[in-house]
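**Q** The listed protein sequences derive, respectively, from chains A and B. For the first sequence, the positions run 0 to 129 when numbering that gives the first Met the number 0 is used. For the second sequence, the positions run 0 to 404 when numbering that gives the first Met the number 0 is used.
Be aware that one or more of the hints could be misleading.
Beyond 10 Å from chain A on every Cβ pair, some chain B residues (computed) [to be verified]:
{"hint": "1", "residue": "His77"}
{"hint": "2", "residue": "Leu113"}
{"hint": "3", "residue": "Pro352"}
{"hint": "4", "residue": "Ile400"}
Reference listing, derived: stretches of chain B covered by chain A, where coverage requires no fewer than 3 residues with Cβ under 8 Å from a Cβ of chain A [unchecked claim]:
{"hint": "5", "stretch": "67 to 76"}
{"hint": "6", "stretch": "309 to 316"}
Facing chain A, from chain B, some residues (calculated, C-beta under 7 Å) [said to hold, decoys possible]:
{"hint": "7", "residue": "Trp129"}
{"hint": "8", "residue": "Met135"}
{"hint": "9", "residue": "Asn138"}
{"hint": "10", "residue": "Lys212"}
{"hint": "11", "residue": "Thr216"}
{"hint": "12", "residue": "Gly300"}
{"hint": "13", "residue": "Asp306"}
Rather than coming from a laboratory, the hints here were simulated on the basis of the structure. Where a beta carbon is used, it is the ideal one built from N, C-alpha and C, also for glycine.
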Amino acid sequence: MDLVRQVLDEQVLDRREEYMGKVDGIVLEMRDDGPPRVAFLEIGAPALARRFSPLLGDWIAALARHLGVSDGEPLRVPPARVLEWDVDIKLDLDARDTSAMAWEHWVEDRIVRRIPGSGASSGKSTKGGK
Amino acid sequence: MKNVLKLLLGVVTSFAGFIEVGSLSTSAQAGSAFGFQLLWAIALAAMGVAVLAEMAGRLAALSRHTVAAAIREHFGVHFYSVPFVAEALLDVLVLASEIGGIAIAVRLLTGTALLWWVLPAALLVWVLLWRGTFGMIENGVSLLGLVSLCFVVAVFRLHPHWSDVAHGLLPTLPTHHHARYGFIAVSILGATISPYLLNFYASGAVEEKWSEKDLVTNRLVSGLGMGFGSTISMAVLVTSALVLRPRGIAVESYEQAALMLTPALGRWGLVLFAASLGVGCFGAALEIALNFAYTVAQAAGWNWSEDLVPRQDARFSLVYTVVVGVAALVILSGIDPLRLTLLSMALTVIVLPIVVFPFLVLLNDEAYVGPHTNTRVGNAVIVLIVGAGFLMALVVVPLQILGGQ
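Next up, chain A with everything else stripped away, as it sits in the complex (with noise of 0.2 Å):
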């Protein structure tokens, strides 16, 4: 499989098909024995920040620390937790259980719960994404 082209920057599933984010990194292992194998793949903003610049990265994962909304690192999920290696890759866990979903929370409930109307309404739905 080729990482860069098939792995990297692919849009990532939960289990239940919702969507949880990109493939921001991939973290490799390196091992006498053999070639490189791929420890995690990664997915959260510091992960991206970091193929920027490795200063953006620190300070984004600072910012997600200060606010309180995780500790700062992105998901690393070991390769043998993924489903389906498609176009989009499928995990097998729930996004709601892991910090790729921090920021979503942390939005919805500091922001976006705040202002009036964001929950029920007469034409929008309440459940179900992409």
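Put chain B on the given structure of chain A with help from the hints.
**A** Chain B in isolation, oriented as in the chain A frame:
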């Protein structure tokens, strides 16, 4: 029967949203400065946008991927960051122009100062996004947008020499003001082929769960919709050529442009002009703000849908909230809305190649569209229109800026 209705609605949707601040002001300027001579630019641009919209719909129907998601996944985030930033900045400028357009429409009707209406206009846009669904926004705004057919009525009441009008469909060089002519031609191209339309159209197709069986509908909706839409832009140009040009009125403000319907439609002329401008800008503002949030969410892999309550896609909802606010601030800074519009239209043409060419690559990749890859003609039409527009913009935009007007 249901399918026919669905198709009709689709066509109305795509053409009624066609007239907004960009197409209205560029067409009005073209007619007042050069008569019918720039009609060809509208025809060419309409062909380009129809072909591109068909491609965006095809990509979405077959791959279930929008343009933003597919480009990041295929080319990687380093490459994608360039068109992403360019399109995001442009979206803010154009959104600011549209919010300015709504405020101008209200000013035309009430005579009060523009700045009073910027925040109410932005708030109205936001409330509809916050509470409305995709279908409600598309269909509601489109039906209201039918008011812009008043320009077509005006053309028939003004009895133009049709042979002169037809002559304008053939590109010719003017005898004077070459740089201005080129600048308006480029602006027309930018007003018609907006980068936001690509991802918006694809996102709409995903929102409405299009699949392979919708390909025929997609072809009809994109072709007919953009074709009818350009008819209205052409009607604006022709009306302006027949009314403003003989009186020596160059469109340097919306107040001047607003007079163009009066000879044909009497005292209703101003009201209909303001209504067309207001509704068109309102629709475009909704689409651009939504597209901005679509693009960010799809590039980052977040959950997104205008049909979910904001709590269910909080980051997505926060993004359109912030961008509407930022765009309102741009207009409140006191920048002249007409100049901002013309500048953003011309900048659009310079940005187009970096947005459109990666998109073309995807449409030629069987991994995304299976056997339905682009034809050579489709590729050639887009490369020629976007490429020629870009080269022309490189020449005329600096000339126009240096010339001061």
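**Q** Next, verify each hint and record whether it holds.
**A** Checked hints:
Taking the minimum C-beta to C-beta distance to chain A, about 7 Å, the non-interface status of B/His77 is violated against the 10 Å cut. Against chain A, the non-interface label of B/Leu113 holds: every CB pair exceeds 10 Å, the least being about 27 Å. Once the 10 Å rule is applied to beta carbons, B/Pro352 is consistent with being away from chain A; the minimum gap is 22 Å. Residue-level check passed: B/Ile400 sits 31 Å from the nearest beta carbon of chain A, beyond 10 Å.
Remark: the stretch 67 to 76 of chain B is confirmed as covered by chain A, as 5 of its residues place a Cβ nearer than 8 Å to a Cβ of that chain, reaching the required three. Only when three residues or more bring their CB closer than 8 Å to a CB of chain A does the claim for the stretch 309 to 316 of chain B stand; here the count is 7, and the claim holds. For B/Trp129, the shortest C-beta to C-beta distance to chain A is roughly 6 Å, which falls under 7 Å, so the interface hint holds. Here the hint on B/Met135 is kept, as its CB sits about 6 Å from the closest CB of chain A, short of 7 Å.
A distance limit of 7 Å between C-beta atoms decides the matter here; for B/Asn138 the minimum to chain A is near 12 Å, and the interface restraint is violated. The beta carbon of B/Lys212 comes no nearer than 20 Å to any beta carbon in chain A, farther than 7 Å, and the hint placing it at the interface is violated. Proximity of B/Thr216 to chain A is violated relative to the hint, the smallest CB-CB distance being about 21 Å (cut-off 7 Å). Hint status for B/Gly300: holds, given a least beta-carbon distance of 4 Å to chain A, under 7 Å.
Interface restraint check for B/Asp306: the shortest CB-CB distance to chain A comes to about 5 Å, inside 7 Å, so the restraint holds.
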